[in-house]
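A.B. asks: With the hints as your guide, set chain B onto chain A.
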Amino acid sequence: MTAILLEGMQILLVAFLAPLFAGLLRALRAILQNRRPAGCWQNYRDLYRLFHKESLQAEGTSWLFRFAPYGIFGAFCLAAGIIPILATGLPLAPAADVIALVGLFALARVFQVLAAMDTGTPFATLGAHREMLIAGLAEPALLAALFTASLLSRSTSLSVIVAHLEQLRFALHPSMVFAAAAFFMVLLAENARIPVDNPATHLELTMIHEAMLLEYSGRHLALMEWGAQIKLVLYVAIGIALFLPWGIVPAAEIAALPLTLLALPLKFAAAALILALVETLLAKLRLFRAPEFMATAFLLGVIGLLSFFMLGA
Amino acid sequence: MTITAQGLTWGIPLLRLLAALLLLLTFAMLAQRRLLTLIHLLAWQGMVLAAGTALVALLTGQSELWFSAALTLTLKAILIPTVLHRLLRRLQVRGDVEAVLNIPLTLLAGIALVIFAFFLAAPITALTGTVTRGMVGIALAAVLLAFLMMITRRKAISQVVGFLAIDNGLFFAATSATLGMPMVVELGVALDALIGFVILGIFFFQMRETFDSMDLQHLEQIREE
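Protein chains in written order, with numbering that gives the first Met the number 0: chain A, 0 to 312; chain B, 0 to 224.
If we strip away everything but chain A, and leave its shape as in the complex, we get:
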């Protein structure tokens, strides 16, 4: 019973605090760039405004265009139930292992790309093609990083992996260093962060993620944006679960929950600070340099796998 409650709590927390995390990241970025931030709560105001606006459908679009925002949002909410954020061994955890989880992210991406191509506008199609270019290269890197973790714990279930890593406490694993570096690069690429894509761009020619949303408005746009914010939180949560798992306890040990609830915001805040720093320090890559970036990520993932076999840890 408590496990189901925890599960529900985790999904709701992720869904409703995702705009706050994205807002915090935006505010930190603004401060680091000597701009005045709009405040951490700006994303909630934006979403509220969008939900109260009329949602227009572009002429000639099919049901895919209307369905995609719900499909994407649903996929990310389901993923929020699978990833061990508050505790391991949650009821939804056996639903998908890491491979299926990556597949779930891919499903959301396919919806987004198809919906963008459905509109038939050149910019949206361009964005869709670019998204697939990045995604096709990022996915193997992500899988390689995740497999390194699953080699260590001899399981592909994220819940089991995290439980195993949590038990090891402060053991040092060289292979996980490589995996962490690879995962961080994938995180930047998949969430339209700066070396690959600029989340705040208004220039259509350089857009990747934003270009796909150009035809959306009203509540559909709100769901898309909210989905993207949840996706960012999920990636950060996977990163925390794999590389800083201390404090994520089995669902049965409810007594340790207050400590988890205390540690988690700190970890997320640290992640936001690191992301903001990276986005301030790095310049956006040319699109044709992006494959190079992803190749490096893939390579790091593979080296992680190899060094596991060489060093045995």
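Check before you lean on any hint, since a few could be wrong.
Examples of chain A residues toward chain B, derived with CB under 7 Å [said to hold, decoys possible]: (1) P173; (2) A294; (3) L305; (4) S306; (5) L310.
Calculated directly from the structure, the hints in this document are not laboratory data.
Using N, Cα and C, we set each Cβ at its ideal position, and we do this for glycine too.
C.D. replies: Chain B alone, transformed into the frame defined by chain A:
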């Protein structure tokens, strides 16, 4: 050269982590386009090397290794990168590295080299019973990657960085895999690397005077008149 049980629990994993960092830095150098960042990465590699040597000194209690760690830190992490940095400014070399192969292909070749190195080191690993046996493969991989960097780069400065990275890899193999080596050998190697470096520095200036460029392609066209 015995290691205490306490050292085994945290010291060896830490040494493994440093080995992994060394490999990571070598790969970062292979992927890097900017000369300035390349030199910074070389400095970081020197730091990791010094930390590794200091750790081995701490674990085995060999006092001369402390000296060697200090020497590595001053020479490889501070002195050589600083001199390279100044050379770069004096020679006014443009920032980009000219690669013969494109970077993703070089990186893929790098993966193949790492697999080859690990495969090559596997029998050695199986033969020895020391706790640090995995390091041989990593150090060998680092050396081969530095070779690859020397092969795929055109500018003279990046070749020198590659040369120094080879030296770093060998040094790491010597200190970490075998837990230290005699002082005489170490001093000799350090001096060799330094002298090689000085000669190459002079060579840079000669080259610029003759060709007005740092591109090694020009050397292929030298003919005796």
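A.B. asks: Any of the earlier hints contradicted here, and which numbers?
C.D. replies: Violated: none.
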